[in-house]
Amino acid sequence: MTDYPIVEATDIPAAITALKQHYPDAVKEDTRQGYSGVVVDRKRLVEIAKFIRDDLGFDYLSSATAVDYYGIADEMEMVYHAYRTAGGPALVFKAQTPRDNPEIPSLVEIWPGADFQEREAWDLYGIRFPGHPNLKRILLWEGFHGHPMRKDWHEAYYEQDHKPFDSRWPAGHVRRAEELNVYGKNVRYPADIDLSKLSDRSEEALYSDLGLGVSIQELEGDASLKTDRLVVNMGPHHPSTHGVFRMIITLNGETIESLEPVMGYLHRNHEKIGERNTFLHNMPFTDRLDYISSMSNNLGYALAVEQLLAKGARYQPPTYRAEVIRVLMVELTRIVNHYWAIGFLLNDLGAFFTPALYAIAEREKILDFFEATAGSRMMCNYMRFGGVFKDIPERIRSVANLVNDRVRDFNTMEYLTELINERIPRSIDELDEFLTESEIVKSRSIGVGYLPPEMAIAYSAAGPLLRASGVPYDVRRAEPYSIYPELDFDIAVRTHGDIYDRYLIRLDEMRESVRILKQILPRLERTRGEPIFAGSKQHTPRVPLGEAYGRVENPKGELGFYIVSAGDEKGPQNPWRYHVRAPSFINLTALGQMCIGHKVADVVAILGSIDIVLGETDR
Amino acid sequence: MYGKGIAKGLWVTFRHFVNTYLDDIRYAGRKYLRQDNFEIRQGLKAQGAFTVQYPDEKLAVPERFRFIPFLVVEDPDHPERPNHDWCTSCGICAKVCPPQCIWIVRGSDPATGRPIPEPEAFYIDIDICMNCGYCAEFCPFDAIKMDHDYELASYDRTRHHIHDKQRLSKPLSYWKQIAPTTALEEAIERGGWEHPDIIKVMKKAGKEPVQPTAENMFAKPAALTATVPEPPAAEAAADADPAKAERLRKREEALAGKRAAEGGEAPAAAAPPAASAAPAAESKPAETLAPGGKPKFDKQAMLAKIRERKAK
Numbered sequence: 001m002t003d004y005p006i007v008e009a010t011d012i013p014a015a016i017t018a019l020k021q022h023y024p025d026a027v028k029e030d031t032r033q034g035y036s037g038v039v040v041d042r043k044r045l046v047e048i049a050k051f052i053r054d055d056l057g058f059d060y061l062s063s064a065t066a067v068d069y070y071g072i073a074d075e076m077e078m079v080y081h082a083y084r085t086a087g088g089p090a091l092v093f094k095a096q097t098p099r100d101n102p103e104i105p106s107l108v109e110i111w112p113g114a115d116f117q118e119r120e121a122w123d124l125y126g127i128r129f130p131g132h133p134n135l136k137r138i139l140l141w142e143g144f145h146g147h148p149m150r151k152d153w154h155e156a157y158y159e160q161d162h163k164p165f166d167s168r169w170p171a172g173h174v175r176r177a178e179e180l181n182v183y184g185k186n187v188r189y190p191a192d193i194d195l196s197k198l199s200d201r202s203e204e205a206l207y208s209d210l211g212l213g214v215s216i217q218e219l220e221g222d223a224s225l226k227t228d229r230l231v232v233n234m235g236p237h238h239p240s241t242h243g244v245f246r247m248i249i250t251l252n253g254e255t256i257e258s259l260e261p262v263m264g265y266l267h268r269n270h271e272k273i274g275e276r277n278t279f280l281h282n283m284p285f286t287d288r289l290d291y292i293s294s295m296s297n298n299l300g301y302a303l304a305v306e307q308l309l310a311k312g313a314r315y316q317p318p319t320y321r322a323e324v325i326r327v328l329m330v331e332l333t334r335i336v337n338h339y340w341a342i343g344f345l346l347n348d349l350g351a352f353f354t355p356a357l358y359a360i361a362e363r364e365k366i367l368d369f370f371e372a373t374a375g376s377r378m379m380c381n382y383m384r385f386g387g388v389f390k391d392i393p394e395r396i397r398s399v400a401n402l403v404n405d406r407v408r409d410f411n412t413m414e415y416l417t418e419l420i421n422e423r424i425p426r427s428i429d430e431l432d433e434f435l436t437e438s439e440i441v442k443s444r445s446i447g448v449g450y451l452p453p454e455m456a457i458a459y460s461a462a463g464p465l466l467r468a469s470g471v472p473y474d475v476r477r478a479e480p481y482s483i484y485p486e487l488d489f490d491i492a493v494r495t496h497g498d499i500y501d502r503y504l505i506r507l508d509e510m511r512e513s514v515r516i517l518k519q520i521l522p523r524l525e526r527t528r529g530e531p532i533f534a535g536s537k538q539h540t541p542r543v544p545l546g547e548a549y550g551r552v553e554n555p556k557g558e559l560g561f562y563i564v565s566a567g568d569e570k571g572p573q574n575p576w577r578y579h580v581r582a583p584s585f586i587n588l589t590a591l592g593q594m595c596i597g598h599k600v601a602d603v604v605a606i607l608g609s610i611d612i613v614l615g616e617t618d619r
Numbered sequence: 001m002y003g004k005g006i007a008k009g010l011w012v013t014f015r016h017f018v019n020t021y022l023d024d025i026r027y028a029g030r031k032y033l034r035q036d037n038f039e040i041r042q043g044l045k046a047q048g049a050f051t052v053q054y055p056d057e058k059l060a061v062p063e064r065f066r067f068i069p070f071l072v073v074e075d076p077d078h079p080e081r082p083n084h085d086w087c088t089s090c091g092i093c094a095k096v097c098p099p100q101c102i103w104i105v106r107g108s109d110p111a112t113g114r115p116i117p118e119p120e121a122f123y124i125d126i127d128i129c130m131n132c133g134y135c136a137e138f139c140p141f142d143a144i145k146m147d148h149d150y151e152l153a154s155y156d157r158t159r160h161h162i163h164d165k166q167r168l169s170k171p172l173s174y175w176k177q178i179a180p181t182t183a184l185e186e187a188i189e190r191g192g193w194e195h196p197d198i199i200k201v202m203k204k205a206g207k208e209p210v211q212p213t214a215e216n217m218f219a220k221p222a223a224l225t226a227t228v229p230e231p232p233a234a235e236a237a238a239d240a241d242p243a244k245a246e247r248l249r250k251r252e253e254a255l256a257g258k259r260a261a262e263g264g265e266a267p268a269a270a271a272p273p274a275a276s277a278a279p280a281a282e283s284k285p286a287e288t289l290a291p292g293g294k295p296k297f298d299k300q301a302m303l304a305k306i307r308e309r310k311a312k
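As given, the protein sequences belong to chains V and H, one line each in that order. So in our numbering, spot 127 of the first sequence is number 127, and the numbers just go up one at a time. So in our numbering, spot 182 of the second sequence is number 182, and the numbers just go up one at a time.
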């Protein structure tokens, strides 16, 4: 469908040179071992960022995240990954700030997509962003003491900095965490907190920001019609929010004037857990991010760590068969996810559960294959560094035993062939026939939740949301990984940027996935019996020093993992920094904009069309 | 024409509705009298809705399905070491466990205090376990496996959700039952149906273990003691008291020998690289498990044997 220039990797050094020429005293190259990109003087960050966006053309800010170098250097760092929507690798730039008074100018005016990410950095690291319009905590509650991602912050159940914990072996007498931390006493308060004065001020802060108090404000306009601005809380316990998510909506009559997402109800500090874990430990935890598409999450994380491992001498890249299986899995996952997304979008539009159940029934057939291959339907934990867990089995077979009696037995390749060539295309066509022409669907979705392309880019929107707005940006083509370069497929693009196009683009993407899968089948046959692992499987790989940003085109958008290995000095087997660039989280940045001017019922549909999963949003 | 799209959609719904009943008729009434009917209705040819009536009937899970680990022990009718743990308490599972739900007390010899390759206690807190399967994947002895029994609801999580060694232990035949293909693959990789250590002992004694096939999967293992020289067999098996005393004595001897040979041993060990590399790779997990374990006291004899062979 689209042709666009492939940007060469050599472009990045050229960009860095240009940066250094323009700002000779404010930009220097990052010379730490294993690092790339430039370090920028934080005082001039905004103008440099503007230069990067406007003159160098890196218009898409993929990720902005903080790192705490406590104990290594007395500094915190913001790391930005900027891309060109035309494709190509990232320009990585960083700004450093002292730990005791961390402050970095906000980039929200350059890239509005930095909004939530900077709030997250403030929330979890305590870095202030002068110039940010709404610098509040985002995942934790206002009044939370401390910034938990800092390296010197310890959780209530703190045991040790790094796993594996010493208490487990060789003399590991079981203790339940709650025995050590009795309920009611399981929260530790710092000495300087006066509990009697502690209160959750998050609600007040929220409402005062909206300019609303208890006083009634009369609106201008028709004097005969007394209307009032009204604040409605949608969620957190609301079936349309796909989990626990809350939207504070200011209404003028039925019309939305502003919408503010409130999240964090499912927050578990995934990244802190990730930094306690070893590299391998994190793999099953990534399943729990976007739990609808765990295979893709696995791949993103595996790619990031493999980038780091590749810096070592003994690294062996995954075998061809492993790559084939990986692509098979992630493309099936994309179909699984889009079945789910379309089914529940229709739920949100009011077609209660009939389309959703039809979609789920089809999804089951793929999950059966996942279960037989990876051992679990959703928490697949299938990818490993340098390969996959196990080859696909000869037969998809269940075994009757004492508890289970109803068995199935299929030849895997036959099952896959029929699934990919017949069952999935048929069910996609059926969904198409079922919904696309429906006048109700059309009238509810066409023109609703419009997101113009330039805004989609500015808000760092990703995945179907971005492509439905007419931006042909897909990581599989923009910065190819695995065996995607040799596969023939198109990037689905739609141009209207409304709910209807986001629905259509998911159908398109499913069809493209089927196209990819049809090319995967002969490759699977051809590589049958070849190894799925290069070298031997290690549970504690030596990960060289450095940083890596691995990203994949997840069904929901661009999923990135920013990983820093501090190597042998600080916990040899554990990532120093483990950051997830969650598409669901960042796509929500644009939600408020998309909803203005629409009705309450449309909010539900617009949210459904973004397709979020709260496990990933809240992390 | 307005409403055509809706009508088209309703037609799809109607088709689903009708197909459900057509399939019910096609496949022998409402219930599936024959197993293959069930398979078809669960497979890719299925049309319409079809429900498995849980809990009256349960869908069997595939072999690789993983839910809560269990410990493999020898079958109760094993001729030499009935109910003996396969686990050597090397601790790899506890280390690779992402949520750290495994606690192991390494067994030790009451007389010497030295660690022995069997766990004294083994706990898994199943409230913490995330069913990732790493313990089974990375266990070098195939001693911990993922179970298929997913009905674990209980009234008291504080008591019933911490599985101890007794609760976790299940015989090898159970594993062969729930995962025949995987069990066979693993056995072929090990080189026999027995525990890797036993296989090593057998090979050392010049006795080839039976090649695993699907047919001899449930065959009773032959007794080893008659054909195998004592020390390693006693090391691996033996719960009875005289054997234990014997083992202690042997270990003390070995330690003494080792202490005596401390000075001269290093260069000797480094001399034949080809010979020393193989056992080192083989006994890698054993190194972590038992500083005073069996590889040590065999070394001198082994070296002597190698020198002999080279001399020829």
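Accuracy of the hints is not assured; some may be wrong.
[As the list claims (entries may be wrong)] Short derived list, chain V residues pointing at chain H, Cβ under 7 Å:
| no. | residue |
| --- | --- |
| 1 | D11 |
| 2 | Q160 |
| 3 | D161 |
| 4 | P164 |
| 5 | R168 |
| 6 | W169 |
| 7 | P284 |
| 8 | S398 |
Simulated from the structure, these hints should not be mistaken for laboratory data. Note that this is a predicted model, so its numbers are computed, not measured. Using N, Cα and C, we set each Cβ at its ideal position, and we do this for glycine too.
- Task: Go through the numbered hints given earlier and state which of them the structure violates, listing their numbers in rising order.
- Result: 1, 2, 3
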